[in-house]
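Peer 1: Sequence:
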Amino acid sequence: MPIKIPKNLPAFDVLKKEGVMVLSEAAALRQDIRPMHIGILNLMPLKIQTEIQFTRLIGATPLQIEMSLIRMSNHQSKNASAEHMAQFYRPFKDIKETNEKFDGLIITGAPIEHLPFDKVTYWDELCEIMDWTQSNVHSTFGVCWGGMAMIYHFHGVKKRVLDHKLFGCYPHRNMMPSSPYLRGFSDECVIPVSRWTEMDQKEIDATGKLKTLLSSDLAGPCLIEDPEHRALYIFNHFEYDNNTLKQEYDRDVANGTPINVPMNYYPNDDPTQTPLNRWRSHGHLLYGNWINEIYQTCPFDINLIGEVTNDFNED
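The sequence shown begins at -16 in my numbering and counts up one residue at a time.
Think of the hints as simulated: they come from the structure by calculation, not from any bench. Any given hint could be a false lead.
[Claimed, not checked] Listed next, the in silico EDC-like pairs over lysine to aspartate or glutamate satisfying Cα-Cα at most 16 Å (straight line): (1) 192 - 171; (2) 185 - 200; (3) 79 - 101; (4) 229 - 208; (5) 76 - 108; (6) 141 - 200; (7) 141 - 101; (8) 79 - 111; (9) 141 - 181; (10) 79 - 107; (11) 76 - 114; (12) 79 - 108; (13) 76 - 66; (14) 194 - 208; (15) -10 - 49; (16) 148 - 235; (17) 141 - 186; (18) 148 - 108.
[As the list claims (entries may be wrong)] Label-pair ranges, simulated between beta-carbon atoms: (19) 238 - 145: 13 to 23 Å; (20) 211 - 236: 39 to 49 Å; (21) 242 - 117: 17 to 27 Å; (22) 58 - -10: 19 to 29 Å; (23) 242 - 58: 26 to 36 Å; (24) 62 - -1: 19 to 29 Å; (25) 201 - 81: 39 to 49 Å; (26) 290 - 236: 46 to 56 Å.
Here a beta-carbon is modelled for each residue, glycine too, at the ideal position from N, C-alpha and C.
Full structure from sequences and hints, please.
Peer 2: Structure follows, in structure tokens:
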């Protein structure tokens, strides 16, 4: 089954050309099934690029996905047009007022990792959203800064500022092959990393409630499962396009910002060559496994989310 998105959303044509099955609302209404309702709280400045990246991943499953784009209620985007935001996004306050429920929610990263969490202008509302997920979202996926915010909010694990930027494609080890989220994963995979902060594995372990699924000797813990809060936290970027790191590198070089060539990204570490995508398949596996796990455990009646959990893998 495809993902249902508005036909005039920029991602529709991009993904259709890539061969991703996309479905207009009119076509979706002809299918007599309950779609999986997935929200994306998009905190990134480049809204359309981020929409395409995550829609591509959650749309490549056998299930019909209905996607909703969500924004912070009072924060105004400086990089996306007001028309785009008004046409495709809803403020969180409207969603909360109608007590809407979601099978899954993705909280994206944000380029504000240098700020303490409580100095972020929308931190109070984000805390409200994270608490709201416990009654209105079956499973939440926090990505990069979004994942760091969630693990700090729920467990007090603090981010640590690094003296250098982790930048490139880092090898990661599969720490828990039996996890349903890592079904089909190799023993090792490569994941793009672009951040100035990290989470400490000892602090994660000290909670006694979190499971580290993917980790890197060079880049630290990457994918964390939080069963108590029905959440996953990933600090790196399976969703990145082939040229996302290149765009960041070229931008910094053009601005005169000191930056290293992204590690293990360009062939022979030569920025004049075309980078190869070596993470795409594992990215699709992870998000497909997440969607499947939601499907296996969420109630058929979406109104029961937060009250009932089914697990059809159990006897």
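Peer 1: So, for every hint listed, does it hold in this structure?
Peer 2: Now for the hints, and whether the structure bears them out:
1. 192 - 171: violated (24 Å)
2. 185 - 200: Holds - the C-alpha atoms of residue 200 and residue 185 are around 14 Å apart, at most 16 Å.
3. 79 - 101: violated (22 Å)
4. 229 - 208: With Cα atoms ~30 Å apart, residue 229 and residue 208 exceed 16 Å; violated.
5. 76 - 108: holds (9 Å)
6. 141 - 200: violated (19 Å)
7. 141 - 101: Satisfied, since the Cα-Cα distance of roughly 12 Å is no more than 16 Å.
8. 79 - 111: holds (10 Å)
9. 141 - 181: holds (9 Å)
10. 79 - 107: holds (15 Å)
11. 76 - 114: holds (14 Å)
12. 79 - 108: With Cα atoms ~11 Å apart, residue 79 and residue 108 stay inside 16 Å; holds.
13. 76 - 66: Between residue 76 and residue 66 the Cα gap is close to 19 Å, so the pair fails against 16 Å, i.e. violated.
14. 194 - 208: holds (5 Å)
15. -10 - 49: Distance of about 13 Å is within 16 Å: holds.
16. 148 - 235: This hinted pair holds, its Cα atoms lying about 12 Å apart.
17. 141 - 186: holds (8 Å)
18. 148 - 108: Judged against 16 Å, a Cα distance of about 29 Å means the pair is violated.
19. 238 - 145: 13 to 23 Å: Taking Cβ atoms as reference, residue 238 and residue 145 lie about 20 Å apart, which means the hint holds.
20. 211 - 236: 39 to 49 Å: holds (44 Å)
21. 242 - 117: 17 to 27 Å: violated (39 Å)
22. 58 - -10: 19 to 29 Å: Holds, at about 27 Å.
23. 242 - 58: 26 to 36 Å: For residue 242 and residue 58 the Cβ distance comes to about 28 Å; the hint holds.
24. 62 - -1: 19 to 29 Å: holds (24 Å)
25. 201 - 81: 39 to 49 Å: Holds, since residue 201 and residue 81 (Cβ atoms, about 45 Å apart) stay within the stated range.
26. 290 - 236: 46 to 56 Å: At roughly 52 Å between Cβ atoms, residue 236 and residue 290 fall inside 46 to 56 Å, so the hint holds.
The structure does not agree with the numbered hints 1, 3, 4, 6, 13, 18, 21 stated previously, though it agrees with the rest.
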